[in-house]
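With chain A held as given, fit chain B onto it using these hints.
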Amino acid sequence: MDYKKIAETVVKKALKLGADEAEAYLENNRKFEVNVRNGNVETVKQSMTKGMGLTVFKDKKLGFSYTSEFSEKALQDFVEKTVQLSQIATPKPWNGLPDLKEGKPVDLDLYDPSISKIENNKKIEIATKVEKIALAYDKRIKNSEGGWFGDAESEVFLVSSKGISRRTKSSAVTFGTGVIAGEGDNMQSGYYGSSKIHFKDLEGIEYVAKEAGKRAVEKLGARPVKTQKVPVVFSRWAAPSFWSGVLSALDGDSVFKKATFMTEYLNKPIASELITLIDNPTIPRHIASTTFDGEGKLAQKNTLIDKGVLKMFIYDTITARKAGVKVNTIAQRYGYKGTPSGSLLNVIVNKGNIKEEDIIKGIDKGFYVKGLRGSGTDVPTGNFSVGASGFWISKGELAFPVDGVTLGGNTLELMKSIELVADNLEIRGGLNSPSFKVSELIVGGQ
Amino acid sequence: MNITFRPIDRRDFIKKSLTGGAVAATLPVWNLFSYSLPLPVHSFLSDTQLGQEELKKLLSIAKQNGGEFAEVYIEHTINNNIGLDEDKISSARRGVDMGVGIRVLHGEKTGYAHSDDLSLDKLKETARVAGLIASGKAKQTDFDLKKQKIPSYYMVKTSPDSIVPAEKAKLLWKANSTARDYNKSISQVYVSYSDSNTEITIANSEGLLVNDIQTLTRLIVFVSALEKGKRSSGYAYKGGTLGYEHYNLKLAAELAEEAGRMAVAMLPAEDAPAGEYPIVMAKGECGTFFHEAIGHSLEGDGARKKTTCFWDKKGEMIATEIVSLADDGTIPGARGSINVDDEGTPGQKNILIRDGKCQGFLYDKLNAKLMKTKSTGSGRRQSYQHYPIPRMTNTYLMAGKDDPEDILKSVKKGIYISQIGGGNVSPTTGRFVFSVPEGYLIENGKITSPLKGIQLMGNGPDVLKNITMVGPDLEISGGGTCGKDGQSKPVSDGNPTLKVSKITIGGAKVRG
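Respectively, the protein sequence lines represent chains A and B. For any residue, its number in this note's numbering is found by taking its place in the first sequence, counting from 1, and adding 10. For any residue, its number in this note's numbering is found by taking its place in the second sequence, counting from 1, and adding 804.
Rather than coming from a laboratory, the hints here were simulated on the basis of the structure. Treat the hints with caution; some may be incorrect.
What the hints assert, rightly or not - Example chain A residues on the side facing chain B (calculated, C-beta under 7 Å, incomplete): (1) Met58; (2) Thr237; (3) Ser404; (4) Gly406; (5) Gly454.
By construction, the Cβ of each residue, glycine as well, lies at the ideal position given by its N, Cα and C atoms.
Extracted from the complex, chain B is given alone in its bound form:
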């Protein structure tokens, strides 16, 4: 598993102090439902003439060889992207993806076929091919499809596809000028705005029929600084399942200033020391660590196949008592939030570790069935070209009780991690490497000089046992895109201020 790019949103747009435990319970109900979609966009799928009768027909063809479960997944996605580079709008792009994926499950087997030709004849052939995974006679060929009602966790009033590109371009120009004015060392500015509107319909042989429109938006600012031959970079961004009403010139300017602040702060950075040190992770900016180093090892496919380091640890202490970890697809507006997963199961909050004890794993339908449990609303797929696999949504270390100031004061010599960058993890061993785009030395409980080239190394299980302090100041960040088995999916993550008593730092300087 690896991530090429996962910047973290410093503008904690979901500033709710999600204090340890009951997020869903503490949010008033109106908060969850006030954003239910007035269906602002034209339904592209209604153009396809795939009504309930056609869906039933396809399901019955898919099951004709005796498959136990059949599913039709229809997708229409429009995405838009504008980029600004070197004081110019350098790219203006649009993409349309449309297709149908048909899946048949039979025991542990999956048959999958997909088509971007939506004529009924082609789809019947697609259903037949998917059904070939089974061999035998159809057990049941007639079912009722019942349309499911679902809540909405998306904060969308204005569909971004309804805004003309020239309007969006204004955000980029504002961010560009603000960043360039921020400091004379700023030498390069790159700004990117992107959005996507995905309309999905899922029907299955259990009678489920569900429709969802998923909107994602993101504005990101990168800057480079150059002074006296020294270079550094900074970034900031906002993103989520958010409508266009969340974007304006003021926000663009704030992001540009934040990116500028980071680059200027890192200009005088010196080589990080190599060796073993205690670290303090800043709130909100380091959740990627828990997603990558812990979360992937708690996904149900690895647990079923016994290929992850935690597969047999359910009910056991795998962390210090102050560690609780959640994956929650229901945080309003967060980038990983889902009304339903890509199998039609409602998004939900799952506690993975509670007070140090492993509570279980994230499941899609197939792995849940084989493990004799229920889907946790974690069956996600990149597109109609992929079958679903267990995936995270919004993953975060839950809040603790230690005062963030005390956490910092407790470190005599160590490293302060302002944000975690890209990382790479083996779920088999839990072993990871992360880069740190912004980090500092801690001396006698105080943050001192900036450091470059910090690499965090170790393995997930060890780190969990070395988390000795956790603050109450949990923040969820903007998140990014997670890759697994060749499929990309939007996710976010979060964390409160915390201390890891020792971790290996790879850096260019040998400890003197």
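In isolation and in its complexed conformation, chain A is listed as follows:
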């Protein structure tokens, strides 16, 4: 099928049916995954999916539909219903497609053609091997959640009545394993995986397996501690979850509605001077990079927090127009089933210059957080409260595993009390942060 042509036809049809503006976003995906458990193949799954989302504006009213049915009859119905839907919406002066410059997308090397040529046997071998090594990591590992390997290719077309026509092709490949340590009432699971654009960039099988094994074993015997106020280290594993809560409070539309505690803080200090947070989706070969964002805008770098000072909120085209602000918009689109919305693409918190182990060495009594359950930040109030697990720090060393405690406080106070930022930044996913130390926080337990 000529997908570009289908997208163009749908846009033309929408205009013909009375739409003032129309945009079609079409995806064509291939996905393969294999799961093994205890050395045997458990599932093999192959997916071929396509789908298209259509956004129309008529008299400043928005209508949206999607379909995975591409027959001529279905597409006709699809466009008609979308234009009809726009009629019940309330007109808004800020509605309309973004004004984009055509520009030339930078090649970020986001497609690995070799992925589609990997033999299934090779994939099964990797999934089997990573599980096997993880199971052998420690005697206390008694069970497996399995090993997996998956690969995917995706082709995206974005065509708008404002003259934008974009196409991108990307790939992704992943493998990993989950194992369970302990028995009876004391079981702990540990997962680890690696996800990259290029097959060659994947972390080693041995490394991934051992990380999974380590994670299960190190949690054995975890227990809560008594409620107390102590210095807390957010490890680079727990920190991304914390920052995701902070970022949800920076949503431009929530600011417009005064529904976030960050509303009044633009160009004011919100965190320790040690904190600089950027969005950079232009790193070549990185899994969270993209040539254009959800609205078709060519990807670029933005600084949100500069040495502790809040520099911008997160807007898409429509929320920015509505708030009447002139800013760099950043939008994500989560597949063809929805419209884009303001969201960062690849978040990086800049690293500091102290080793994590030296941070720990400097703490007499404290808590090293490895996992958070949720992000903890309540957007309207800025209250911070979250379940946590990790290790108790005693006399500069990790003494014993801790689970079943909460961390509580205020998000702004927490960010301002960041005393040290470690040098252990690693860019692995869409939210990347080094470990950092907070001077004091309530650890709630027994």
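Chain B alone, transformed into the frame defined by chain A:
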């Protein structure tokens, strides 16, 4: 496992006092069957030219490599959604999903392939790929398909897809104006209406052929209140396997008032204390807790793989004697109800814990076969793009005998949980965290000041042993959407008033 959003319906639309034990038996038969579908919507699947002969052909291709079991799952879904925000209809959306998933089972192995191209050639290729999981010769290639008759637990007279969007929009406008009039502190109102019509056909190599039309509807109202710099929020909603006849302006107004009540009540809330306290859970609004903290650990995949905390506990006491837990896919109109699961097995009521003793697990076909037992009608999948896994339907703590007033009076200092919000649970350890959007302090047996930032923490097995009182006032709530292994599925849950003698509360205030 985690849930991003699981509000609970305060309008107990299924107000039946489902007293401990025999729900199905106490409901008159006419009640179960009076809503059988007159097939109000056009059958989209009949357009696909996939008749019995074609289905048989696909099954035999799927089995040609010697696979033990083959299945074809055809789906056509239409969903509609309208949202109102800031006094405006902010979104009007429609979606169509259509496709076929073909599955082959061979021993413990599953081969799955799916296609959204319904031409017979493409489907034959899809069947061939799914069959590659096995290697060998076909054992049987010819079967009779027998169309199954099924009961209906859905309460649908008017298909929501037959109602024009402008009519549905009236519900949203009514809820919006009512909420704004409720109290001058109400600063934001968001209303959302959504419905879906899913038509499925399932055929398998055991000869099963079944067709079902599943309708889901939901109306939800969120409000924010703002007064003297203090903020709070509230919500209320109705949802279920319900036809459009269950929605009207009066209902929209009631939901708006309830959402307003909650937000206004929570405005003066103070930081919750951190530490260990007894809690009382309000009826109907806290079932999510049992779904997440207990139910997931009783799903058959985890039991087979020995990865959940209860895998070896069948027949053992895992709770106090007053605790019984059920998962029931046959409650008329409830959001998790199913005429058949996504493997064609009829929905049923399963007792998971009876008088404290673990009775067994929820199974799909594959896990049941490997555990030498039968499917419990729990094989569910998000769409044709997914293979089925064991899932809950409507999960609830069964009624007990303690007077709800006595339950409250028995607590000197503790926390009253009006509703449970989002949660996160590890089925391996049973360890959980839940947020509490509406909660209060209990002092000397009385509900006193509202609290914010309450987090319930602990693990499922411990909580089961600390449930010391259970009331008779069971209510099933509207439910929400549960996520597991990347698949979302509609569910509901319920509970009577109950007491947990101690649980860890995470809050911003250190106990003074």
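Now for the hints, and whether the structure bears them out:
Because the smallest distance between the Cβ of A/Met58 and any Cβ of chain B comes to about 6 Å, under 7 Å, the interface hint for this residue holds. Here the hint on A/Thr237 is kept, as its CB sits about 5 Å from the closest CB of chain B, short of 7 Å. Here the hint on A/Ser404 is broken, as its CB sits about 21 Å from the closest CB of chain B, past 7 Å. The interface hint given for A/Gly406 is broken, as the beta carbon of that residue sits about 25 Å from the closest beta carbon of chain B, more than 7 Å.
The beta carbon of A/Gly454 comes within 3 Å of a beta carbon in chain B, closer than 7 Å, and the hint placing it at the interface holds.
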